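J.: Listed below are the residues making up each chain.
Protein chains: 2
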Amino acid sequence: MTIRVGIMGYGNLGRGVELALRHNPDMELKAVFTRRNPDSVHLLTEGAQVLEASKAVSMADEIDVMILCGGSATDLPEQTPYYAQYFNVIDSFDTHAHIPQHFAAVDAAAKKSGKLGLISVGWDPGMFSVSRLYADCILPQGSSYTFWGKGVSQGHSDAIRRIPGVVDARQYTIPVQKALDEVRSGSCPQLTTREKHTRECFVVAEEGADKAAIEQAIVTMPNYFADYDTTVHFISKEEMERDHSGIPHGGFVIHTGKTGAENEHNHTIEYRLTLDSNPEFTSSVLVAYARAVYRMAKEGQTGCKTVFDVAPAYLSAKDGEQLRASML
Amino acid sequence: MTIRVGIMGYGNLGRGVELALRHNPDMELKAVFTRRNPDSVHLLTEGAQVLEASKAVSMADEIDVMILCGGSATDLPEQTPYYAQYFNVIDSFDTHAHIPQHFAAVDAAAKKSGKLGLISVGWDPGMFSVSRLYADCILPQGSSYTFWGKGVSQGHSDAIRRIPGVVDARQYTIPVQKALDEVRSGSCPQLTTREKHTRECFVVAEEGADKAAIEQAIVTMPNYFADYDTTVHFISKEEMERDHSGIPHGGFVIHTGKTGAENEHNHTIEYRLTLDSNPEFTSSVLVAYARAVYRMAKEGQTGCKTVFDVAPAYLSAKDGEQLRASML
Chain A
81 MTIRVGIMGY GNLGRGVELA LRHNPDMELK AVFTRRNPDS VHLLTEGAQV
131 LEASKAVSMA DEIDVMILCG GSATDLPEQT PYYAQYFNVI DSFDTHAHIP
181 QHFAAVDAAA KKSGKLGLIS VGWDPGMFSV SRLYADCILP QGSSYTFWGK
231 GVSQGHSDAI RRIPGVVDAR QYTIPVQKAL DEVRSGSCPQ LTTREKHTRE
281 CFVVAEEGAD KAAIEQAIVT MPNYFADYDT TVHFISKEEM ERDHSGIPHG
331 GFVIHTGKTG AENEHNHTIE YRLTLDSNPE FTSSVLVAYA RAVYRMAKEG
381 QTGCKTVFDV APAYLSAKDG EQLRASML
Chain B
81 MTIRVGIMGY GNLGRGVELA LRHNPDMELK AVFTRRNPDS VHLLTEGAQV
131 LEASKAVSMA DEIDVMILCG GSATDLPEQT PYYAQYFNVI DSFDTHAHIP
181 QHFAAVDAAA KKSGKLGLIS VGWDPGMFSV SRLYADCILP QGSSYTFWGK
231 GVSQGHSDAI RRIPGVVDAR QYTIPVQKAL DEVRSGSCPQ LTTREKHTRE
281 CFVVAEEGAD KAAIEQAIVT MPNYFADYDT TVHFISKEEM ERDHSGIPHG
331 GFVIHTGKTG AENEHNHTIE YRLTLDSNPE FTSSVLVAYA RAVYRMAKEG
381 QTGCKTVFDV APAYLSAKDG EQLRASML
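Chain order of the listed sequences is A and B. Residue numbers for the first sequence follow this note's numbering, so the first one is 81 and each next one is one higher. Residue numbers for the second sequence follow this note's numbering, so the first one is 81 and each next one is one higher.
Worth double-checking, as some hints may not be accurate.
Because identical chains cannot be distinguished in the list, a pair is counted as satisfied if it fits within a single copy or across any two copies.
Each computed DSSO-like pair below joins lysine-lysine, with the alpha-carbon atoms no more than 27 Å apart [unchecked claim]:
1) K191 x K378
2) K338 x K276
3) K398 x K338
4) K135 x K276
5) K276 x K378
6) K191 x K338
7) K378 x K291
8) K291 x K398
9) K192 x K317
10) K378 x K135
These aren't lab readings, by the way, just hints derived from the structure by calculation. Keep in mind that this is a model prediction, so the values were computed, not measured.
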């Protein structure tokens with residue numbers, strides 16, 4: 081029997097989940113739920129339904145895990161607790177500062193319904209969080225550093241697009257090589273925001289726009305760019321489409337720590353992701369953890385969990401014996 | 081209340097466990113058990129006892145987790161199932177091919193006694209295994225590669241020392257840069273043993289020994305060196321002590337995989353360790369997982385487990401709320 085999956089929201093992430101399910105033959109896409117007109121949504125998966133989001137609850141008995149593919153700003157804070165009343169749910173909520181309150185809301189709903197919720201699944205939060213935790217536990221006498229990129233930041237790209245005179249924009253976050261080298265050396269440097277990452281912006285301006293003013297508006301923008309060394313390149317619409325249509329991302333979690341009678345031995349643990357498609361990778365993580373949700377719920381676990389609470393074996397379609405023989 | 085730990089065997093690994101416990105204030109070294117004369121063993125830890133191995137069982141009520149620090153060849157296959165009759169146990173059994181039978185023996189003993197056993201904890205098997213498993217589950221359309229080094233292989237160093245005319249030897253396993261680059265490119269190359277690693281040997285020969293014969297004996301040695309490109313350097317006893325007294329190691333788990341409607345997106349997951357001291361890092365992993373053993377046993381779990389069965393949160397002294405707020 082396959083694990084029956086629902087997808088709530090069919091943007092980049094939802095489409096990525098649909099694609100990832102193809103590589104997991106023990107799982108099956110049952111239905112996609114959308115706020116758009118279902119007739120306008122065309123799936124790649126034969127046999128899966130497209131339904132209005134409002135119809136989801138009526139499918140509660142036919143879906144083992146609902147994967148919530150909305151945004152963290154406004155969708156998930158409402159959707160995850162709501163759907164946890166009816167389904168085992170999983171989301172990629174990534175507003176780090178609001179995780180405790182999101183956890184509490186999902187936990188309350190899922191405990192009441194007897195369902196299981198798993199939040200903040202992806203790569204950061206997600207695989208990077210797991211890497212930070214393992215490293216910190218193994219080498220408590222040490223420090224963890226997280227670097228992002230090279231990759232496209234959607235939030236920063238959007239911020240540039242809101243500047244008058246800007247037609248389109250793409251912003252890349254780039255880790256500073258010198259900072260990476262310093263961290264790897266084990267010297268545990270104190271690094272400022274500016275020392276860790278640079279920001280590179282590619283901008284299509286309206287004809288006749290004041291490019292100097294746009295550049296100034298970008299590099300001085302508080303919270304987004306003012307604390308970074310930012311470079312701005314003006315390019316044509318054609319160059320944007322040709323060279324910047326992808327959504328690559330990635331980054332590093334580097335932990336250095338010391339052992340020995342005099343702390344004389346240095347160790348470096350480094351976890352690195354290099355991703356051609358940020359949403360498709362996040363979706364792939366969601367699908368693997370959806371398998372875990374199904375199993376943990378079947379064991380009777382309820383309430384809200386995070387990646388910290390999931391034993392790695394739950395992610396695999398293989399059983400314990402196969403895993404021990406092939407991967408340990 | 082602290083977690084009371086026993087150490088069985090006080091070689092490099094056992095001493096490393098003692099040192100690692102210093103960085104974990106929620107844990108306490110209760111006793112070290114040795115086959116040597118206890119009077120000849122001097123601990124760094126005040127208040128901890130040194131006892132003959134035969135006395136261990138009488139301490140069953142005073143030790144929450146026994147960390148078994150013997151060797152995989154002959155010690156652990158006997159010790160881990162034996163002590164699982166009396167203690168929650170953890171070991172670093174690393175003979176990959178024999179893990180299934182070791183698991184079965186420990187599982188039977190621990191289920192009978194109602195104790196918990198955790199085997200094959202370290203970095204390979206251990207953290208590398210966990211990295212392979214996560215990566216394979218996230219990107220099933222992909223391949224994992226494990227590289228070791230640069231680091232000292234004790235087994236290969238010992239093999240050289242058994243050659244007539246050799247006084248001392250140190251063997252380094254070194255990953256081949258070209259192979260690393262090929263794997264990272266996502267091309268999923270088929271690599272032979274020779275293409276993945278080279279072996280570099282530093283040898284102190286007896287005065288008047290036939291160095292050409294020693295070198296020939298090394299590079300043609302079946303299983304150990306014949307399948308590798310091996311270089312041999314003859315050095316003095318003083319050079320050996322000065323330049324090769326450490327036990328560094330490390331390596332890489334690199335997984336590349338594809339996503340997308342046409343598998344058009346490549347992703348690389350890389351986990352890398354760079355370790356000044358192989359035994360001290362392995363000991364640090366053991367200590368973090370000993371905390372997990374204590375907690376899982378307290379929950380009533382019994383039988384044999386591996387790192388695949390341990391949720392990351394169990395490794396940490398912090399509670400779920402702290403972890404979510406600080407590390408997710």
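J.: Give a verdict on every hint.
T.: How the hints compare with the structure:
no., hint, verdict
1, K191 x K378, "both (15 Å within a copy, 23 Å between copies)"
2, K338 x K276, "within (23 Å within a copy, 29 Å between copies)"
3, K398 x K338, "between (36 Å within a copy, 20 Å between copies)"
4, K135 x K276, "neither (46 Å within a copy, 54 Å between copies)"
5, K276 x K378, "neither (44 Å within a copy, 43 Å between copies)"
6, K191 x K338, "neither (41 Å within a copy, 37 Å between copies)"
7, K378 x K291, "neither (58 Å within a copy, 65 Å between copies)"
8, K291 x K398, "neither (56 Å within a copy, 51 Å between copies)"
9, K192 x K317, "neither (52 Å within a copy, 71 Å between copies)"
10, K378 x K135, "within (25 Å within a copy, 44 Å between copies)"
Hints 4, 5, 6, 7, 8 and 9 from the list above are not met by this structure, while the remaining hints are.
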